[in-house]
Amino acid sequence: MGKRRSRSQSQLLNSLTKKQKKHLRDFGEEHPFYDRVSRKEAKPQTCQLSESLDTSSSESEAESEPEQVSGYNRLLATLKDVSKEDEEEEEEEDSVIDETEMNLEDGDSDISVEEETAVESTDMQKNAALPADPKGKDGHGPPGTSEESPEEFTDAKHESLFSLETNFLEEEGGGNCSLKASQDPFAQHVNKELKEKEIQAVATNPKTTHQLKWPILGQLVFSSRFQQLETFKPPKDIDLKSLHLQKPLESTWIKTNKRTALKNGEEIRHVYCLHVINHVLKANAQVLANNSRCRSRKLGVGDDDDFRDQGLTRPKVLIVVPFREAALRVVQLFISLLEGDSKKKIIVSNKKRFNGEYGSDPEERPPNLKRPEDYEAVFVGNIDDHFRTGVAILQRSIRLYAPFYSSDILIASPLGLRTIIGGEGEKKRDFDFLSSIELLIIDQADIYLMQNWEHVLHLMNHMNLLPLDSHGVDFSRVRMWSLNNWSKYFRQTLLFGALQDAQINSVFNKYCVNVQGQVAVRNVPMTGSISHVLVQLPHVFQRMEAENLASVIDARFNFFVNKILPQYRDAVMSHTLIYVPSYFDFVRLRNYFKKEELNFTHICEYTQKSGVSRARHFFLQGEKQFLLLTERFHFYKRYTIKGIRNLIFYELPTYPHFYSDVCNMLQATTRGEEAAWTCTVLYSKYDAQRLAAVVGVERAAQMLQSKKNVHLFITGER
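For what it's worth, my numbering labels the leading residue of the sequence shown as 1, then goes sequentially.
Where hints are given, some of them may not hold.
Said to hold, decoys possible - Heads up, simulated EDC-like pairs for lysine to aspartate or glutamate below, C-alpha to C-alpha not over 20 Å straight-line:
id, residue 1, residue 2
1, Lys213, Glu230
2, Lys255, Glu267
3, Lys427, Asp184
4, Lys563, Glu547
5, Lys255, Asp239
6, Lys685, Asp554
7, Lys427, Glu151
Everything labelled a hint here was simulated from the structure, so no lab data went into it.
Could you build all of it, start to finish, from the sequences and the hints given here?
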């Protein structure tokens, strides 16, 4: 038996790619997206980088280090041992499933690849776990705490080259750095003076709002708790000079912007990358110019407040992105913006190592995987969600893997930040590098709802706190508003998301307190995703009442158990799919169904591949009357569930198009029972945003104005 286990573990290890082995070594389990691929050879699928990444100079070809393999034996020992009896039982179950495999999918071979590439449930627990998961399953453990984890690589070789303290401004690339009396918005913002009474009045001042419609962005909502609400109208003519771009961005932006992709997400990434580089170049140029002034005048720095040009720590920009692929594109844009089409290439340190760790590998994505366009846009390239890296920029040079306290820009995922910030009581934790962040960018915020939103909240709670250590800062160069612990009032936060959600809005309203105010772009949907339902299906929206927002969860459960579920207990109402967006609600329903001994099965993001196949088979054949399905499973897998006759949305979906996706699953199996199809949706007055996204703003307003429980029968519009 021992030899069999050893041989099984050896085969498992040999089947992993290099990046999978690295993740296994670091975390003791495979990454959630690394499915068991089929034996077919993977089609080459590479990540195309810009020419600037390929041709940038000063890259050492010998920078890649040999892979460390320490601790493999202990990691492999933790893998699940499969006994001979268990293997025979699994093979027997697979043979039963294979007989009905063709019934689960369309005539082509797409489903076989889909089943073979399913995510193991235990793999999902590391990077996509919910806050309720036990410690150690949701990525809360800081890296490097275990003996097996290798130390993170940081570039110490170029420390002196990128040091702000020992460098001075060069004449050719610095631009005008006398920013005190300038009309530059950067100078106006960092030199703005606040009074103590203004800060104290923020907590009591009512929020004033003003709405303005822009030609392209749509409806803009301006708000502020400070006395003066600043609004701005769209400019009639677009002039790059009005943007006050630092050299060389004024010339490189036109060339870089021509490569903008057609999708809106890429356009947004281009704009905020331009803003980031412009901010960093101006801030560093001001520091270097003051260094030169101090040296030439031989003046003590503390004698003049004009030299206050820094924060308590060097990092001034934090970019939060969900996957390594997004981080790769951000760095690629940085290089393009600094370089353009110039023949003089910029210096990029550790470029080869970065491309290897953040680029995509042909073996990482299963072949022949057919998914919707939105899925392909999200899960493209390297989708590892545990990373963090520092970037330093100085005099047309970029330093990747810079130590955090020597970096200008930090690029990280919420999980990557959570593991270094740590929690109360942990010995190894650090959040001082967040003390002087002047520009916070949270991109693709909706994806974090599908990962772990608690990581985002944990990050926001540690933003712009006074550092516990001085980290060698010269306090005579620190701005007064930073010393007064007012950095959060000067921090600009850019929050981008594909949908309007109450949790995202809560972060925007609670943690974004910029002295200039807030601007929110909120465009309400006029039609709703119900217009994309292709099947003729009656949609019954049942309203439940709740006293307040905190009681909605219990009110929904009681309404479902007492009002909805009794209508579906009869055997005639078989093949009922219950779509549950929240994992907490899913666990509660699953426990209730078990207690009541109902004939049901369930699929969630943690369900093993074999369990998913069995649940789909039993539900299709009618052996199980109910199927509980979580929204996060649909987000990560996009399986087509066949055999649905009755559909219940326990709560409106987070993504509006998921409503039409699930409704259109009914047409996957049509055996003449179309007339008996039903669709029931639960909602309350606190679901206004999600309801408007599904049925449209006008219809949602009518439904919410009614004080009674409203039953609306809506036929899917073609």
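Quiz prompt | Hints the structure fails to honour | solution = 3
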